[in-house]
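Student: Chains as they are written, first to last, in this note's numbering: chain A, 1 to 649; chain B, 1 to 82.
Careful: at least some of the hints might be erroneous.
[Claimed, not checked] The calculated lysine-lysine pairs, modelled on DSSO-like cross-linking and capped at a C-alpha distance of 27 Å, are:
1) A/K367 to B/K77
2) A/K119 to A/K15
3) A/K586 to A/K632
4) A/K39 to B/K73
5) A/K317 to A/K331
6) B/K33 to A/K15
7) B/K77 to A/K39
It is worth saying that the hints were derived from the structure and are not from the lab.
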Amino acid sequence: MQTDAERQELRRQIKDSACNRDAGTAIRSARKLVDGWNKPADVMFCASALAGIADAIQDQLGARPLRTYIVRSVTVEPILPFLATEAVFSHYVLDLEVGGYGSYADELLNTQSALVNFKPDLVLILLDVEEIAGRLPDLCSDGLGAGVEAEIEECAGRMAQLLRSLRSRSSARILLQGLVVPDHTSLGDVGDANLPHSLPHAILHLNERLAAICRTVSDCVFFDVDRLAARHGGARWRDARMFLANRLPVSSEFFNVYSRELVRAFSTMYRAPRKVLCTDLDNTLWGGILGEDGAEGIATGSAFPGNCYFTYQSYLKQLSARGILLAIVSKNNEADVQEAFRVRSSDLALNLNQFVACKIGWNEKAKSIRELAEELSLGLDSFVLVDDSPQECEQIRQQLPDVAVIQVPVEEPWKLVEILSEQPFFDALSVTDDDLNRLNEYKAQAQRAQLEDSAIDRNDFLASLEIVCTFQSALQAPLARAAQLLAKTNQFNLTTRRRSAAEIEEFASVEGGQAVVVRVRDRFGDAGVVGLALARNQGESCVIDSFLLSCRVIGRGIETALLAYIGQRALQLGARQLVGEFVPTKKNALCASFYLDHGFVNCDAKNAGDSNSKFFTLDLNTSIPQSPEWIKVEGYESNELSGSPVFTS
Amino acid sequence: MSYQEVPSSLRNILSDIFEITPEEVTPDLNAEKVPTWDSFRHLQAILALEGEYGVQFDPQRIPDLTSVSLIQKELEKKGASL
């Protein structure tokens with residue numbers, strides 16, 4: 001139990017670090033204070049202190065500023081300090097504006113509404129059942145439901161219209177909150193459960209319809225508040241006294257949980273999930289210590305406590321099925337581990353083939369994880385480590401702070417899955433074919449590396465890969481994948497602009513615009529959509545707004561092929577020069593000389609762009625980028641291009 | 001009137017909510033004297049006090065509790081240990 005002295009000490013630290021503009025310390029202390037005591041006054045104190053150093057939080061931690069507009073029919077003002085504070089903990093700085101109680105329809109439909117004029121980056125739509133489906137409670141009162149289905153369709157249709165209207169006026173990301181399934185209905189629990197059209201059934205069905213509508217609107221996430229209400233307190237979720245007196249939708253004891261989950265939900269539109277889960281073996285993947293207990297002695301399988309570990313293994317297997325890579329990082333003898341997976345295979349939910357890599361040996365784990373990052377061409381911020389040893393966990397936290405660390409509760413192994421699922425780092429708004437194919441792709445990567453080791457000449461090696469690049473308009477390819485690439489590519493990304501799906505659509509459809517994705521396959525496998533370029537002709541210049549490539553295909557000339565494609569298209573669309581832009585970040589030094597390497601020259605552009613942007617130009621009259629000869633090119637409008645000297649097959 | 005007439009726990013909460021110093025929280029301080037004391041902050045203060053002292057205010061009384069002394073009296077009436 002934390003003492004009041006500790007609380008006062010944390011408050012002092014927050015105050016001091018805010019004075020010294022030390023954003024990192026202020027946030028760490030604020031998090032401890034808010035999580036440790038959960039007192040509203042503390043949250044107000046933190047919100048106020050953190051608001052005072054918003055610019056430092058952005059500068060020092062790269063937090064993302066978000067102009068956020070809340071469309072509401074309920075009282076949200078007392079929740080805002082909680083929302084702002086939780087957002088800062090996840091490195092967002094919210095600039096909040098709240099709409100009127102009764103004006104939600106106008107805000108979403110009117111071209112000159114306060115919402116549109118605010119030019120939000122993010123819109124949170126927090127309505128109550130009265131606004132979304134006001135007639136449902138009466139229609140459901142007999143449970144037989146004449147007209148209930150029709151009403152649900154009408155409500156869903158109306159909401160779809162509101163969302164599409166908003167989408168046509170704003171490229172903001174959208175969060176639509178669902179409805180809480182009501183409690184204390186006149187049919188009673190038995191009636192609600194057994195009658196076909198009780199209100200709880202109708203609301204659940206409506207929530208499903210709303211979620212389905214969100215899937216059809218770009219950059220839109222459905223927020224299932226009912227699930228949250230059910231998990232945290234059910235009947236206590238809403239304080240009827242405060243709702244009826246002040247229209248407060250959530251009891252104040254849950255402001256923090258509610259805010260945290262709102263942030264978690266909209267984060268999926270800004271951040272890609274982590275990609276690799278590294279698991280320890282002893283007392284983590286199974287119970288006991290293999291070196292001491294032997295393959296027969298470790299706990300795993302259908303009986304307690306082995307089933308705790310089996311549950312964890314099953315969870316990992318499910319993560320793997322949607323594209324999260326699994327790796328073993330363990331201090332053990334490799335032969336022992338192989339034996340354990342062999343003799344206990346029927347008691348294990350996973351086999352060794354389901355791991356993309358195994359680092360089994362006696363090296364420091366920090367070293368093993370660094371090696372893995374290199375082999376998989378992934379940043380350390382894509383990694384999660386699950387380990388039971390407090391020392392190992394602490395070592396990774398200190399040496400590799402970008403890696404997320406989960407410490408196994410050794411005495412309570414049944415809690416491991418719950419602890420893991422509480423973390424947002426594998427949250428994904430969409431799962432693409434590329435995600436599903438990821439394990440095979442990374443295994444192919446390892447085979448390529450072997451071939452590269454045995455090849456003598458680089459060009460021979462690249463030719464032997466039999467690379468095929470297929471260019472597609474981003475509108476033809478899965479848009480979700482293009483948006484995902486923009487959200488998560490850090491290293492080979494020339495401008496690191498996190499364009500939304502709506503903005504990609506605009507590049508693709510505007511006259512003189514290009515939104516091109518490249519799919520890559522070779523003799524070892526299909527890497528899927530791995531690169532994207534957004535460009536737009538302005539007069540005779542084709543300005544390349546975004547240009548990026550997934551790290552795992554770098555070094556094979558694909559970036560050159562993409563540039564050649566963009567250049568050729570720009571020429572066809574009437575441009576005479578290419579303008580490239582490089583915005584340096586902490587992570588993209590890799591591509592700093594990309595344009596110079598491709599014959600561009602420096603130019604002192606005085607036009608817009610980020611303050612530290614560097615601009616480069618290439619005169620298309622004298623020089624057109626050429627695709628490397630070892631790459632076979634396929635593309636949309638390929639007939640048009642087949643006669644072109646740019647692409648050779 | 002002196003801020004020392006207000007229990008320190010109450011003083012601290014109200015100073016957090018209204019973004020003023022604890023010394024400014026005197027018994028006669030009221031909504032008219034504090035620019036940040038609007039209806040939403042008022043609700044915020046009420047929620048914070050309910051959470052801190054484990055009491056529930058009567059919704060009909062809430063709008064009237066617009067000074068520090070009125071809040072303090074209401075809390076004492078509810079049996080809160082200040």
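Student: Going back to the hint list, which numbers does this structure go against?
Tutor: 1, 2 and 3
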